[in-house]
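Take the numbering used here: the last position of the sequence shown gets the number 368, and nothing is skipped along the way.
A hint or two may mislead.
Lysine-lysine pairs mimicking BS3-like chemistry, simulated, CA-CA at most 27 Å apart [what the hints assert, rightly or not]:
#	residue 1	residue 2
1	Lys125	Lys239
2	Lys166	Lys281
3	Lys281	Lys153
4	Lys153	Lys313
5	Lys278	Lys305
6	Lys281	Lys215
7	Lys281	Lys125
8	Lys174	Lys215
9	Lys215	Lys166
For the record, the hints were derived by calculation from the structure and aren't laboratory data.
All values derive from a computational prediction rather than experimental measurement.
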Amino acid sequence: MKLLISPKDEKEAAEAIAGGADIIDVKNPKEGALGANFPWIIKRIREITPKNIEVSCTLGDVPNLPGAMSLAALGAATTGVDYIKAGLYGLKTEEDAVYLTRSVTRAVRDFDSSIKVVITGYADASRVGSVNPMLIPDITHKAQADIAMIDTAVKDGKNLFTFLTINQLRSFVDAAHDHGLKAALAGSLKKEDLPAVYALGADVVGLRGAACTHGDRVDGRITRETVRELVEVVRRIEKQAEFKI
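Model the full assembly from the supplied sequences, consistent with the hints where possible.
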């Protein structure tokens with residue numbers, strides 16, 4: 124299971140790299156759960172990140188504007204990232220979500236077919252009026268994207284497991300895998316949640332607050348010590364699973 128850590132600037136990225144993160148996920152927490160950062164920051168973080176470590180960025184908590192988001196996706200593709208994420212915040216129906224995500228995926232692939240596209244729904248979709256998160260694997264498949272992800276839209280202390288049951292999350296992961304997709308889980312997760320996420324079969328787990336000082340995703344800072352601790356937990360879980368096999 125890959126550990127995705129979300130820095131907001133170069134210094135945090137350097138700490139996440141030093142701590143052993145598998146994916147450096149550039150975002151701007153001041154602009155929302157999947158807040159988009161500036162292209163020059165994304166480019167600089169890609170430059171300072173070793174080539175063997177993947178980098179991702181987000182288009183933000185996107186509105187239902189397929190043309191605008193396709194242009195944004197093309198812009199993101201020029202920054203050198205390995206993954207581009209779109210959070211379906213302003214999408215209310217599966218039909219609209221498929222149309223937008225197909226457009227985003229096409230814009231990315233026309234520029235560089237090696238870049239992976241991540242489609243993200245929100246576990247707390249009912250609080251913001253966005254599309255049902257359980258539809259994300261189907262939407263991702265229809266968009267010909269690569270990774271189906273769940274996060275939380277509202278960052279108020281409630282996490283992924285507050286809104287979706289273990290059985291629902293297992294169904295999400297299984298549906299993604301049945302479509303030949305990777306499955307990613309995030310949403311105010313803490314170190315203590317990592318065993319449950321691993322047990323669900325997730326390919327990627329996304330964290331920011333848990334890697335920050337005081338657990339504060341907005342005003343806290345990512346440190347190599349907190350990231351290293353998270354990495355050690357994941358590796359320990361993986362070793363235990365291997366031993367059981």
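Against the structure, the hints:
With a C-alpha separation of about 15 Å, the suggested pair Lys125 and Lys239 falls inside the 27 Å cut-off, and the hint holds. Between Lys166 and Lys281 the alpha-carbon distance is near 32 Å, which puts this suggested pair outside the 27 Å criterion. Of the supplied pair hints, the one linking Lys281 and Lys153 holds, its CA atoms being roughly 18 Å apart against a limit of 27 Å. Distance restraint check for Lys153 and Lys313: the Cα-Cα separation of roughly 20 Å lies within the 27 Å cut-off, and the hinted pair is therefore satisfied.
For the hint linking Lys278 to Lys305, the alpha-carbon distance of about 24 Å falls within 27 Å, and the restraint holds. Note on Lys281 and Lys215: the hinted pairing holds, with a Cα-Cα distance of about 22 Å set against a maximum of 27 Å. For the hint pairing Lys281 with Lys125, the CA-to-CA distance comes to about 23 Å; that is within 27 Å, so the pair holds. Annotation: proposed proximity of Lys174 to Lys215 is violated, straight-line Cα distance about 38 Å (limit 27 Å).
At roughly 32 Å between alpha-carbon atoms, Lys215 and Lys166 are farther apart than 27 Å, so this suggested pair is violated.
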